[in-house]
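A.B. asks: Using the sequences and the hints, build the whole thing.
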Amino acid sequence: MGLDKEVASAAGAVADIPAGASLAVGGFGLCGVPGVLIGALLERTEVCGLAVVSNNCGVDDRGLGLLLREGRIARMTSSYVGENKEFARQYLSGELEVELVPQGTLAERLRAGGAGIPAFYTPAGAGTQVAEGGLPWRYRADGGVAVASPPKELRSWGGREYLLEEGIATDFALVRAAVGDRHGNLVFHSSARNFNPLAAMAGRITIAEVEELVEPGELDPDAVHLPGIFVQRVVRVRPGDPAAERHIERRTVRTALVPEQQGGM
53 MGLDKEVASA
63 AGAVADIPAG
73 ASLAVGGFGL
83 CGVPGVLIGA
93 LLERTEVCGL
103 AVVSNNCGVD
113 DRGLGLLLRE
123 GRIARMTSSY
133 VGENKEFARQ
143 YLSGELEVEL
153 VPQGTLAERL
163 RAGGAGIPAF
173 YTPAGAGTQV
183 AEGGLPWRYR
193 ADGGVAVASP
203 PKELRSWGGR
213 EYLLEEGIAT
223 DFALVRAAVG
233 DRHGNLVFHS
243 SARNFNPLAA
253 MAGRITIAEV
263 EELVEPGELD
273 PDAVHLPGIF
283 VQRVVRVRPG
293 DPAAERHIER
303 RTVRTALVPE
313 QQGGM
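Reading the sequence shown from the start, the letters are residues 53 to 317 in the working numbering.
There could be a bad hint or two in this list.
Using 25 Å as the maximum straight-line C-alpha spacing, the simulated SDA-like pairs for lysine to any residue come out as follows [unchecked claim]:
{"no.": "1", "residue 1": "137", "residue 2": "190"}
{"no.": "2", "residue 1": "204", "residue 2": "168"}
{"no.": "3", "residue 1": "137", "residue 2": "80"}
{"no.": "4", "residue 1": "204", "residue 2": "171"}
By construction, these hints were calculated from the structure, which means they are not laboratory data. Since we're looking at a predicted model, the values are computed, not measured.
C.D. replies: And the structure:
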């Protein structure tokens, strides 16, 4: 592959993602979600049966929730799923397989997969059903458990138990960055930095949508959060694209204080 990794359109960037592919998707809530790439994949109605790894599955009408609503996701590996009613419905009715993973463990599994580390030991989950197995991954339509989590290998060091977790590598990864260059070097803004770099590392083919595309050499090397070696395709977000809009997951406001409440006269 040449050093110039820019792809002309999001549709072109996701054109070879097949049905049944595994995807690592960046974002945290609605922060740093690659909405343009998700929208392009949504247009490819034949792409279904996806196995998605992401911190959460968006909300009912945003982010990965759009793919979920259309029945395109067969399996989710996530940490937090509490903002999506359709997710709960599909899971409890047996339509969706779900592996819930402690958030720090999920982050490290993605990083490990990207670094070529097949597995690692962690104390997170030791002494719980995460280690013992039996957590419902998929329900039957009658409410019984169709697929349960397996037990995990345990070892002790220094009198403390640790369980073995496997690294995660996926066929593709979709991420969103604030700034990127044509070589695939990426800079993420604030909280969007949490899962996006890890998802990018885990993907064998990583596609990045960037809000600002600059020429190679314009980024300060010390400011780069993810080097281009982990990125195969870059798509510039077009101004005015509705899929690129930023949304607030939970808008919290307070009533304006009158002068007396502010300590004024």
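A.B. asks: For each hint, tell me whether it holds in the structure or not.
C.D. replies: A quick look at each hint next to the structure:
At roughly 17 Å between alpha-carbon atoms, residue 137 and residue 190 fall within 25 Å of each other, so this suggested pair holds. Of the pairs offered as hints, the one joining residue 204 and residue 168 holds, with about 20 Å between alpha carbons and a cut-off of 25 Å not exceeded. Taking the CA atoms of residue 137 and residue 80, the gap is about 17 Å. The hint holds against a cut of 25 Å. The suggested pairing of residue 204 with residue 171 holds, with an alpha-carbon distance near 12 Å, which does not exceed 25 Å.
In the structure shown, no violation is registered for any of the earlier numbered hints.
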